[in-house]
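A.B. asks: Each chain, written out:
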Amino acid sequence: MTTVEVSNISKRYGADQVLNDVSLSVASGETLVLFGPSGAGKTVLLRVLSGLVQNDSGAVFIDGQDMCDVEAEHRGIGMAFQNFALFPHMSAFANIASPLDARRDSPEAIKTGVHTVASLLKIDHVLEHAPKALSNGQKQRTALARALVGSPPLLLLDDPLRNVDAKLRFEMRLELPRLLANQGATVIYVTQDYKEAMALGDRIAVLAAGQLVQLGTPADIYLKPANLNIARLFGDPVINVFDVSGRRDEQGVYIELSSVRLRLDESMAACVDKDCVLGIRPESIQFCGSDTAGAIPILIETETPLNEKTVTLALTTGKREILISRPSSTTAPDSGQSHIVINADKALLFDKHSGQRIAADHCV
Amino acid sequence: MEHTGTLERILRAVALTLVVVFFMFPILWIFLMSFQTNETILRVPPSMVFEPTLANYKALITGKLETNAASIEINFLRNLWNSVFLSVTSVSLALLLGVPAAYAFARHKFKGSEDIAFTLLSFKFAPPLLVLLPLSLYFQKMGLADTYIGLIWVYQLICLPLILWIVRGYFEDISPDIEYAYRIAGHSWFATFRKIALPLAGPGIAAAGLLAFIFAWNNFIFALVLASADKQPVTVGALAFVTASGIQYGQIAAAVVMSITPTLALALYAQRYLVEGLSLGAVKG
Amino acid sequence: MSDHILSLSGVDKFYGRVNQGVHAVKKLDMDVRSGEIVALLGSSGCGKTSTLRMIAGFEEVSRGVITLGGQTINRLPPVRRGVAMAFEGYSLYPPLSVRDNIAFALKSSSYSATQISDKVNEIASMLEITDILDRYPSSISGGQQQRASLGRALIRDAKLHLLDEPMGQLEPQLRALLRGRIKHFIKTRGLTAILVTHDQAEANALADRIAVMEDGTLQQLDTPEAIKDRPANLFAGTFIGEPPMNVFTAQVTVSDSHVHFSLPDDVTFTFETMDFSPAVLDAIRHRTHLVLGVRPYAVRRAPSGVSATVAVNQWLGDQSHIAADFAGSSIVLVEHDRAPVSRGESIQLHIDPANLHLFDHTNGRAMSHGPNLAI
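Residue numbers (the numbering used here), protein chains in the order written: chain A, 1 to 364; chain B, 1 to 285; chain C, 1 to 375.
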């Protein structure tokens, strides 16, 4: 069991500040996901942790020990790479065995070790193959087996599912937590896929432009994103956004959408008389009849099924586009004119200028 | 569709044959010449029909060149041995120095690394005559003139830039992640260089070594100026056949055949490495 | 014939010599109606791109006939086919701005300059590239290049629009919105489009009908709903739908009152015979083994049923994906809310027989879907 402490890491490539004062800590046995769009600095941070890239300032502690002078091969980590990085001139067996080779295990121990992890990952039948002869899925599993075989206390997984097809990615997403739980290792997992992040992470660290912008559980980040950008990165279809401004009447705080008043909780009072952005996730909108209280009239343009959901693209009376998602098994609304009702509890409000979420804790 | 296919195949075969004839004819002609006497070579019109003779090869091997005027001593086998020795040693030394340097240039971008690499390459651009005069003066002062060490040193001007630049490209083509993965698995950087970088760049190193060998073998001017008869390679040694009593075409042809045979054999043997080297892109998949 | 704008009959594609080279497309019969969006769906090497290229005229047809608007086009050069195409790779002309790239094909048309400019602006705002219209391809991102390339194809008046992996590089945040807009655009203008993709989600979202291809052979050509509800075979069944269909090989026994499906680890699904039609019962009565398929959303947690142990429960914000250890392997279920189950918990599973797909275990062909016999 291993803890990781990253403190004030910065890294610059020429004029490019790829990491800017990033600090975070990972608890023993935890799976932390580093999430962000490409260029956010996730991979560089992972490489700083592994010792493959030198940081300009700050420090990395593994189990409380400063890693400053510890070479990559002595940090006791297992790592899987986005492009698999298999050794092309060695068989799958030799690839997987390389960490055991390095610590000079006996040939019998190496054989047992490799076969155990290979059967766990269902690649024991292709161990004699060269990487070239493996399918993409098998390559990916071989790379994973190589990272796991030495039972390293710290696993760094750099977007390992990026280069496999959708079906395999889905299977591995369900399989990985089991594998990782059996290992008992502390895991740092890099991805740009929000579903992977939510599915695999105990906590998610969201990076943007080299900075840590939010660190929290998947629920924290999905339900209480720190800012509009994070809200837009999580969720498919993407969250609907509307420019609104907060108002107050005798009944409390409200905003207006297509001349329908949406009552907000008093905790969002900070939005009053301010330019705001309303964010509503497509699944927080329901179709309803015209007589429902708070019904907003819409004009349906088109429906596109998305996995087990159906996404409706519609126009509000102000000609603003809105995406509505519903389970595919529920009944479809009539085409053309329809009505929707918005679940105000799930509405998110952001400051239009800073993009920060407006919530109770921001109130004066 | 099938018709165009057939026509295409015929045209392609014809084109290929023309190319082969164009490139192979001189070699074939030299080969035929080496079995003829000067008289049959020089007759007009030339003819493919002649009585083959081994006299030319005999002259080369025994070291006695019989011309119509006199019998001259030549030491062609000595020249051949010099060529082999100089080329092999130069290329070995260049590989020993050049491959680690190429790795450093490929993997560690430091300030001025590009400039240094380019400076090394620029040695190849400079006309040899430019450096020869000062060099021969230096060599005489340092006692390096007419020594194997001196020649091998000068041959580095030919071999080192070639190896450095070709091998560097091959190292750069290896995804750094593959080396990182080996490091992370617990191996030192030197083990990574030996077990990952070297084998993966192997075809490239072989190709570069082969090219360097051919360039070294074919070198003429350095050896002409800096070495005396007993250290000269075949390229210079062949001058001996231009005698006062005429040019000994037959012997020249035999000498050429004997001197191109090693490089030709090497090239044919190493062909598959060259091809393998070019398909290195598979590493990335 | 009249309502079919495009029709392929008995189309074969060989790379190399006919009957000897690589057989990329095998005896393909397909009709596309006017105003329809058809997706060619399959993994790489399934023949979908070869098919598209034959329709566009970039590949020769080895055998068979392709007609467009009633005219055989086998030997017609691409420019004379009246087909617009968006390419997978970004094929924008580097020296032209995004605006000029999109307007390129209209330059030689009868449209006036203002008409062209209006059309470009309309397409650009649909594809969210208005702000980069005056930039050059080299200075914009991959996703933007792909949108520009899509715009260049959609702006043309063509009998047929061919879209080769049109959204693979698209920014995830824009994907759902653009799918909606593009579908609306194509539908409101009555365009006919063929879309090539390996992404079943994209095919489902955009297409009226999907042609599922594998190994050069058309597996099924039908509406997304029909393929989901009545897959022709195991391949189509597992290729369409995310998460993919759960499949189990089962031993089958049919008694007078019940149908039993025995899975490994002593797991047995028991249904009443009246859940199946007599035809289905006849078809399975003499079988020993079958492949059972059930879609993840059709597996329900219930107070009683077959028990399984939760291995993972992954909440994705709007869906929960649960994998449970079951019958020696695992079963996946999807719920639309945050499911309150955790690792190690025992759950009871119920499957509505109406959602059960039965496949022949030797050739994978579908035998029945729920109570009905597969056709």
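In short, the hints are calculated from the structure, not lab data.
Among the clues, some could well be false.
With a straight-line cut-off of 30 Å between C-alpha atoms, the simulated DSBU-like cross-links for lysine-lysine are [stated by the list, open to error]:
1) B:K231 with B:K58
2) B:K195 with A:K111
3) C:K26 with A:K132
4) A:K132 with A:K111
5) C:K26 with C:K228
6) C:K27 with C:K228
7) B:K124 with A:K122
8) C:K159 with C:K26
9) A:K167 with A:K132
10) A:K167 with C:K119
11) C:K107 with A:K167
12) A:K132 with B:K124
13) C:K228 with A:K195
14) B:K111 with B:K124
15) A:K319 with A:K346
16) A:K224 with A:K122
17) A:K167 with C:K159
18) C:K107 with C:K119
19) C:K187 with A:K319
20) C:K119 with A:K319
The structure presented is a predicted model; accordingly, all values stated were derived computationally and were not measured.
A.B. asks: Indicate, hint by hint, whether the structure satisfies it.
C.D. replies: Each hint, compared with the structure:
no. : hint               : verdict
1   : B:K231 with B:K58  : holds (22 Å)
2   : B:K195 with A:K111 : holds (20 Å)
3   : C:K26 with A:K132  : holds (28 Å)
4   : A:K132 with A:K111 : holds (22 Å)
5   : C:K26 with C:K228  : holds (24 Å)
6   : C:K27 with C:K228  : holds (24 Å)
7   : B:K124 with A:K122 : violated (54 Å)
8   : C:K159 with C:K26  : holds (25 Å)
9   : A:K167 with A:K132 : holds (21 Å)
10  : A:K167 with C:K119 : violated (39 Å)
11  : C:K107 with A:K167 : violated (43 Å)
12  : A:K132 with B:K124 : violated (38 Å)
13  : C:K228 with A:K195 : holds (23 Å)
14  : B:K111 with B:K124 : holds (23 Å)
15  : A:K319 with A:K346 : holds (23 Å)
16  : A:K224 with A:K122 : violated (39 Å)
17  : A:K167 with C:K159 : violated (35 Å)
18  : C:K107 with C:K119 : holds (12 Å)
19  : C:K187 with A:K319 : holds (19 Å)
20  : C:K119 with A:K319 : holds (20 Å)
When held up to the earlier numbered hints, the structure conflicts with 7, 10, 11, 12, 16 and 17 and fits the remainder.
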